[in-house]
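Residue numbers (our numbering), protein chains in the order written: chain A, 1 to 287; chain B, 1001 to 1373; chain C, 2001 to 2211; chain D, 3001 to 3210.
Keep in mind that the hints were calculated from the coordinates and are not lab data.
Derived PhoX-like pairs: lysine-lysine, alpha-carbon spacing no greater than 20 Å straight-line:
1) B:1226 x B:1212
2) B:1185 x B:1226
3) A:241 x A:90
4) B:1157 x B:1251
5) B:1079 x B:1092
6) A:37 x D:3161
7) A:16 x B:1251
8) A:241 x C:2209
9) B:1079 x B:1060
10) B:1092 x B:1014
11) C:2209 x A:37
12) B:1014 x B:1060
Stretches of chain A that chain C covers, calculated by requiring three or more beta carbons in the stretch to come under 8 Å of a beta carbon on chain C:
13) 124-136
14) 239-251
Since the model is a prediction, treat every value here as computed from it, not as a measurement.
Glycine is no exception: its CB is placed at the ideal position from the N, C-alpha and C atoms.
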Amino acid sequence: MIGNKKDFWDRITSIKREIIFTIIGIVVIVPILLGIKEEVQISPPVKSAYEAIESLDPTDVILISIDYDPASMPELQPMLKAILSHAFRKDIKVIMMVFWPLGLPIGTEGLGEVANEYGKVYGEDYINLGYRPGDRAVMIDMGREIRHFFRSDVNDILLDTYPMMRDIHNYNDIALIVGLEAGRFGEFWIQYVGSRYNQRIILGVTGVMAAETYPYLQSGQIEGLIGGLKGAAEYETLIEKPGFGLTGMAAQSWAHIAIVIFIIIGNIGYFMTRRKERRVRIKGRKE
Amino acid sequence: MIFLLILSFSISAKDTPDDAGGSITINAYNIPEGTQRILLYRLAGGDTIYEEVGLISIFKGEYDDASVVDGMEYLYRGKAITEDRAYVAEIKEYISSSPEWFNKSRTSVLLLLILFWVVVLIYIQLAKKNPEGLFIRRLPPLEAMDEAVGRATEMGKPVLYVPGIEYITDAGTLASITILEMVGKKVAEYDTRIINPHFDPIVMTIAQETLKTAFSEAGRPDAFNKDDVFYLTSEQFGFAAGVDGIMHREKPGAIFLQGYFYAESLILAETGYSIGAIQIAGTNATTQLPFFVAACDYVLLGEEMFAASAYISREPRLLGSIKGADLVKSALLILIGAGVIFGTIAFIADNAGNPTYMEIFNKILEFLARAAS
Amino acid sequence: MLEILSVWIAGGLTLCILSFLYGDNPVYKFAEHLYVGFSAAYWLIYVWHFTIKQMVINPIVAREPGALMLIIPLFFGALMFSRWLPERISWISRWSIAFVVGIGAGIVAIGQVQGLLLPQLRATILPLATGNWKTNTNNLLVVIGTTATLTYFYFSRREAGVLSKFSRVGIAFIMIALGASFGYTIMARISLLIGRMIFLLGNWFHIVKPL
Amino acid sequence: MKKRIPLVITFITGFIIIVSFFIPHRPFGQLETETLIWYAIIFAFTLIIGVDSLVRLHVRQIRRRKKGWWYSIVFFAGFFYCLTIGIISIIRTPNPFQPGTAFFYGYETILIPLQSTMFALLAFFVASASYRAFRARNIDATLLLIAAVIVMLGRVPAGYKLWHRLPAIADWIFDVLQIGAMRGILIGVALGAVAMSLRLILGIERTYLS
Chain A
1 MIGNKKDFWD RITSIKREII FTIIGIVVIV PILLGIKEEV QISPPVKSAY EAIESLDPTD
61 VILISIDYDP ASMPELQPML KAILSHAFRK DIKVIMMVFW PLGLPIGTEG LGEVANEYGK
121 VYGEDYINLG YRPGDRAVMI DMGREIRHFF RSDVNDILLD TYPMMRDIHN YNDIALIVGL
181 EAGRFGEFWI QYVGSRYNQR IILGVTGVMA AETYPYLQSG QIEGLIGGLK GAAEYETLIE
241 KPGFGLTGMA AQSWAHIAIV IFIIIGNIGY FMTRRKERRV RIKGRKE
Chain B
1001 MIFLLILSFS ISAKDTPDDA GGSITINAYN IPEGTQRILL YRLAGGDTIY EEVGLISIFK
1061 GEYDDASVVD GMEYLYRGKA ITEDRAYVAE IKEYISSSPE WFNKSRTSVL LLLILFWVVV
1121 LIYIQLAKKN PEGLFIRRLP PLEAMDEAVG RATEMGKPVL YVPGIEYITD AGTLASITIL
1181 EMVGKKVAEY DTRIINPHFD PIVMTIAQET LKTAFSEAGR PDAFNKDDVF YLTSEQFGFA
1241 AGVDGIMHRE KPGAIFLQGY FYAESLILAE TGYSIGAIQI AGTNATTQLP FFVAACDYVL
1301 LGEEMFAASA YISREPRLLG SIKGADLVKS ALLILIGAGV IFGTIAFIAD NAGNPTYMEI
1361 FNKILEFLAR AAS
Chain C
2001 MLEILSVWIA GGLTLCILSF LYGDNPVYKF AEHLYVGFSA AYWLIYVWHF TIKQMVINPI
2061 VAREPGALML IIPLFFGALM FSRWLPERIS WISRWSIAFV VGIGAGIVAI GQVQGLLLPQ
2121 LRATILPLAT GNWKTNTNNL LVVIGTTATL TYFYFSRREA GVLSKFSRVG IAFIMIALGA
2181 SFGYTIMARI SLLIGRMIFL LGNWFHIVKP L
Chain D
3001 MKKRIPLVIT FITGFIIIVS FFIPHRPFGQ LETETLIWYA IIFAFTLIIG VDSLVRLHVR
3061 QIRRRKKGWW YSIVFFAGFF YCLTIGIISI IRTPNPFQPG TAFFYGYETI LIPLQSTMFA
3121 LLAFFVASAS YRAFRARNID ATLLLIAAVI VMLGRVPAGY KLWHRLPAIA DWIFDVLQIG
3181 AMRGILIGVA LGAVAMSLRL ILGIERTYLS
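So that you can see chain A by itself, here it is in the shape it has in the complex:
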């Protein structure tokens, strides 16, 4: 670097990559080991998602769509369990369907766990329709008749054999759609179902998709938005049922502070070296 002795800033800005990895590893592990609990502030988008389900009554049916896979489990699985707990507590009937093939097993597992916890009966209180290919094609035709694509559920049994499905045909019979999104399917629900059939929707999204989804909240095309692990923690706080969301918050806090510090150090170092280069160049010219 500039000048012979490696001054303070050169050493600070050239820490090896593996050390950074270890720092982040420690910063995440320690709060988990210490089991630090953190409260979270409730933000308006999550509050309105909560109120959307709170406004329903036992005669209503909600459709939960699993559009994520194990890669986004830490953010969206806690949301699934929190929303299912909220719905089952209010005796709301639940239909689950899946558009991301790799997400079906964890969706089925989450649904089974929470349903047993609240003593719900398959076929009367909740049903799992499984997966169908064709994403938007399925969404559009469910506005006409759900049996066109789903003549049977995930167990390959005809829908009409289930008491709860007898008078459910299309979106007129579904009070609210809850999309759990790790990709673009949230946009599909909004465009091909929300606008086309004037259907009430709330979305739970990963942090990656959150920013792109806010314009649809502001335009009223969705009623509520639960974003990332913090959104899951907020929803768990609202239904007073702490889960994975809240346990992860402390580690999330520490990691964010560490990354902000990295950005600041990196940039201070960057400016210091650039200023030194400019000074050398000016001196060079003068001599």
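Once you have looked at the hints, place chains B, C and D on chain A.
Relative to chain A, chains B, C and D alone:
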């Protein structure tokens, strides 16, 4: 004496609009306090007894009777049952259902779709006649490409071009191939080496042809080395690790990251920065734009990639789409400006007690897009 | 017993992938190829169970009206595999691709206009005299943000002039939006690591409450 | 002849979808449903084209003993393990994907740890990138980093402790400040997609046939 008009419970029936027929919509008004259920009865023309059809939802005050036959005439009677008594309401004239040939609630969609498509087709014809005539503004990242290849040549280092990890059907990959052609010509002129790793075999074969033509058009067909355009792997992180390895080994002076990227974009941009290369990125993956902007020297943001490929190739269908979209954008800008002004005036007039503008304003908004119920 | 074996294998595989941090090595390549192999077969099981069986075979076996017609899309679907045969035969697979591309184009055109362009346009026409100064400023910021960004992505504007200055405002709004998305994405990545660490510490080593 | 028929198919299918959106009258509703079901069945096969090319690639690796061919053995180990437990589960239980089946056991043991750890790696790379590569090299990048820092701190309890108004500012950035720009980007992408749809339906765009 204020005459307290207790509005009595009533129902209305109409053929459900914009449907394929076979459905009549019943609405209930002034539903009495404490109503538990509202039963709906129907009398088909010629029958004598009302038959029960279903329950009108108290929350929505609406019921969609989809069990009617087109052309048949019906009468309806609603019975709202409360704690102590039942209120009855009837409709007087017969009503029948019929299918419609055009869904009126979607007129605004039809208008915008036709307008936009006609404009695009016109511009495509214009572009066919006179490709140079259609102006597209300067794109700094495009100009920086020349300087980047030049600098890499000075330092005697190769150029690395990564086309993203999507298939040929993705618009970003298509645009990347066009940009690759331009970079190929520059590399041929400066007589530098270009390394081009691939995620998909089909995109690789297309890239090989593109570079071959670029090199021969620049007058140096022999300088093109086919082995520098190769298939690496189809696994996301395996690809990122492979390209990182190339960066450390070959130490390219200029790196181009053009195409559709996923989460691995961050690994590529970081290693590229750490070996001190000029990085020019471009992607239609909005989620990856932040990482490229923070780590690269120049970035083509989303649509700018498509404008760049239209600018380079002067293809009529690309130019037509860009210019057509531009015209719609200017129309949107004018519409938003006028709408905001009119809306503000409507609000002021409404506060001053004159709601007429307000009604017009809401009608315009409702015409554009139905508000979510 | 199987349960313990499963957690130990899962823990081991987690460490194999984490080894990638210290350079691409054989252990990582082993885990990566195992993943690609397993998920490849996963897709076959999936397409069989939910498409071929539940959407085609079951309706035909149950002799539902019009079910036999479903053989046609099944045939076109299978044609997709002819892509790897010599050119003489594989050109017919273009019929299936054309069918999928045609419908996709129709769906996208309708969805983007009805579900995005019109509602988002409507949501940007906001009054600026709502009597509450906070809403007024917020509305103004949304209107300026949208129009300035559209001006930035307007490619027919000349160098100098008002439009170019207004597009400078646009790029500022774009950078703030990208910054917000950037911050949220980092949060998402950290959450994924937290999930894995709780699996290792909880389910495998039982130091902490498992997942 | 080979190019003409696919273009006609694309035009007809695209036309059916658009027309049946605007005309509710008899044949179109039913026609749209049939077309969408056919689309779904054919689409499912596009999911497994990739599998076919992968298997052929690894067979070639093994037959030619190319460098690192034993990784292809591992590929087939994972492939046939998943295939066998899948077939067993399909025969034994109506829903092979539910907990308790052999298929779920394999999924939980192999797929979940591999896929979720692969993405968890990104947390490490984000950290090293934010230290080594995210520089405020110009006004644009500076604005980006400031907004990112505010949002990152505002979204966690630590930010609240730092300054109690920080979460409100972070929410305000999301609810108001970034709406306009994100909307502008979405509109631009949408216009590009609708123009591409026109080119595909009218056969002006043909690269997908290459």
